[in-house]
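> Protein chains in written order, with my numbering: chain V, 1 to 365; chain F, 1 to 365.
It should be emphasised that the hints constitute simulated quantities derived from the structure, not laboratory data. There's no promise every hint is true.
Copies of the same chain look alike in the list, so a pair counts if it works inside one copy or between any two.
As the list claims (entries may be wrong) - Straight-line Cα separation of at most 30 Å, DSS-like style, residue types lysine-lysine; simulated pairs:
hint : residue 1 : residue 2
1    : K115      : K26
2    : K309      : K26
3    : K135      : K288
4    : K197      : K222
5    : K173      : K159
6    : K103      : K9
There are 2 protein chains.
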Amino acid sequence: MIKFEVLKKHSHSSARLGVLTTPRGKINTPCFMPVGTQATVKALTPENLESIGAQIILGNTYHLYLRPGHELIQELGGLHSFMNWRHPILTDSGGYQVFSLNKLTKVTEEGVKFKSHIDGSSHFISPEKAIEIQKALGADIIMAFDEPTPYPSDLSTTKKSLQLTTRWAKRCKDTFQPGNQSLFGIVQGGMHSSLRKESAEQITALDFSGYAIGGLSVGEEKNLMNEMTELTTSLLPTNKPRYLMGVGTPENLLTCSSMGVDMFDCVMPTRNARNGYLFVNGGKINIKNSQYQNDPEPVDSNCCCYTCKNYSRAYLRHLIMAGEILAMYLLTLHNSTFYQTWMKRIRQAIEDDIPFSFSWKETAE
Amino acid sequence: MIKFEVLKKHSHSSARLGVLTTPRGKINTPCFMPVGTQATVKALTPENLESIGAQIILGNTYHLYLRPGHELIQELGGLHSFMNWRHPILTDSGGYQVFSLNKLTKVTEEGVKFKSHIDGSSHFISPEKAIEIQKALGADIIMAFDEPTPYPSDLSTTKKSLQLTTRWAKRCKDTFQPGNQSLFGIVQGGMHSSLRKESAEQITALDFSGYAIGGLSVGEEKNLMNEMTELTTSLLPTNKPRYLMGVGTPENLLTCSSMGVDMFDCVMPTRNARNGYLFVNGGKINIKNSQYQNDPEPVDSNCCCYTCKNYSRAYLRHLIMAGEILAMYLLTLHNSTFYQTWMKRIRQAIEDDIPFSFSWKETAE
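Given only the sequences and the hints, what does the whole structure look like? Please build it.
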């Protein structure tokens with residue numbers, strides 16, 4: 001079981017400094033969880049993740065259920081042992097991927113029928129099944145099975161959807177056996193304030209160990225996302241961790257931390273790295289750009305990561321242009337370091353109770 | 001300049017234990033050089049290579065000339081600095097790749113015209129140009145530009161080819177300015193004993209710092225390769241290092257070490273790893289095989305590499321089946337460790353002057 005403690009409140013925003021204690025270790029919040037979709041954070045070893053200060057990673061139930069299968073992972077000692085990561089893991093419920101990776105899903109009160117994106121085989125996941133899979137995987141924090149509402153959706157569709165999510169959340173809660181695991185509920189409600197309120201009331205009434213804000217960062221404008229995050233966060237209990245799912249840019253992390261969000265996850269740092277987009281102070285660069293062809297400077301001279309300490313932009317550009325595997329490692333390591341360092345700066349500012357004096361903007365190149 | 005010293009002769013074979021001293025460090029021989037084609041040994045960092053005991057790596061002149069270009073690498077401080085490898089490097093001359101990666105090459109006395117395999121652009125490399133490129137790259141040991149004889153080739157074709165190689169070798173020698181670099185000559189002669197003898201006589205007469213045996217492992221039977229290697233090695237001076245290019249399996253390394261070869265290079269351990277073929281004592285396994293699906297054992301329980309110390313066959317199989325980048329790293333690290341350990345065992349047996357009591361066979365699965 002987890003324990004969450006708010007250590008300090010920021011007087012310049014609604015941000016809070018916290019510590020989330022799990023059976024496998026402590027997590028300083030606000031935190032960013034690197035995404036380990038298929039039992040690996042792409043291109044990084046567990047030691048790399050430790051070295052950059054990651055205290056918790058995320059695993060994807062949908063992917064692991066399909067391949068290699070949750071029973072296989074259980075048989076081999078659970079996800080931690082399987083992937084050699086001894087620190088905390090959070091698994092999502094699979095709901096998001098079931099819908100985003102499948103064009104044809106059939107949703108009933110009972111659950112969701114879908115076809116595997118790998119081999120087309122038919123599958124069915126119910127709230128009970130999602131909990132069973134996550135129990136087999138053995139993550140420290142697991143998520144209720146929800147129906148993410150597509151964007152845009154009208155009031156009536158969104159209302160029906162959030163109510164289904166509530167009934168599924170209750171079924172998850174009922175079937176869940178705590179033990180070493182903790183279960184988080186997910187608030188939906190689309191982009192409708194009244195429905196965010198309705199969902200938050202229903203989900204918090206079920207008394208979970210933590211609460212996630214789902215259904216955001218799905219194509220809506222930044223301001224709308226911020227509005228929904230701020231509203232939803234204000235509706236959640238202050239003594240439980242708040243997790244904004246699938247978000248986002250460094251700017252998002254700063255803005256939403258200042259609204260009182262404690263946990264984030266996103267494929268952005270790792271996926272961007274593999275495409276040559278590197279996060280630096282103030283923005284993002286595309287290392288494939290010809291301007292870096294003979295650039296002897298590191299990606300970011302202020303960055304303390306292995307990549308920036310040892311390699312030039314010219315070398316990194318060469319590696320990615322030549323399709324070399326080492327590029328994937330070096331660039332992922334840099335971006336992942338940037339994200340962990342970014343969260344550390346946010347936590348430090350809360351600790352010191354000074355305004356957030358740094359910013360980051362998505363730059364067009 | 002290099003210095004080569006034979007420390008001990010094996011009384012059970014023609015093997016010898018040696019030490020090759022270069023301006024960037026010592027290399028214990030017989031040695032295996034991991035191949036760093038495009039300024040990176042695929043999937044490994046320099047620290048990984050150090051940790052497995054690699055003392056020298058190979059770079060490919062042809063690839064680096066085309067991308068990112070030798071002038072660019074020179075501008076950035078040379079290949080060592082560019083790729084962050086402070087230990088010895090050997091570059092090949094580009095001859096082999098010019099022919100093997102191009103269907104249309106035009107060979108004249110002057111040199112070779114060819115088209116880039118990357119963008120189809122036209123290029124010309126002469127012996128003088130090959131030395132110029134290798135000077136810019138700055139490897140510790142560089143190779144003369146040769147014409148590898150295709151297999152099979154009749155006596156007359158092979159004779160003409162080896163004589164061209166000799167004239168080119170002389171031009172390389174003439175244009176070469178020693179400084180910190182050392183130049184090796186390459187013996188050709190195909191599968192014809194009389195021509196191997198002719199080539200060895202002509203090349204050794206030019207007095208290089210070391211001698212390579214080229215034109216083998218090109219599709220001929222194992223026994224024929226061994227016969228040619230044994231013959232050629234016997235024709236080379238005993239006080240200079242002997243390098244068998246592009247070879248081979250662990251069995252080849254053992255057999256040819258016992259004939260007095262001191263240096264080897266091959267893409268086999270790294271390329272096999274990326275395809276799931278792993279070297280273990282006594283043979284090779286294909287980790288993709290379904291028999292490893294739920295196998296909790298390491299690849300090789302006697303192996304001391306990071307992969308074998310921390311991961312199950314089941315996990316490695318999952319990673320490669322899922323197309324994960326981490327698989328490339330973990331499998332390459334294992335195979336590269338196997339090769340370095342294999343050479344260490346060979347050196348130890350010579351040192352102890354005991355017969356080679358171990359063997360390895362290519363196994364069909």
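> Take the hints in turn and mark each one as holding or not.
Hint-by-hint comparison with the structure:
1. K115 - K26: neither (38 Å within a copy, 58 Å between copies)
2. K309 - K26: both (29 Å within a copy, 26 Å between copies)
3. K135 - K288: Cα proximity of K135 and K288: across copies only (27 Å, versus 42 Å in one copy).
4. K197 - K222: So K197 and K222 pass the 30 Å test inside one copy only (20 Å; across, 76 Å).
5. K173 - K159: Classified as within; 21 Å inside a copy, 82 Å across copies.
6. K103 - K9: Neither way: K103 and K9 sit 44 Å apart in one copy and 69 Å across, limit 30 Å.
The structure fails to meet hints 1, 6 from the earlier list, while all remaining hints are met.
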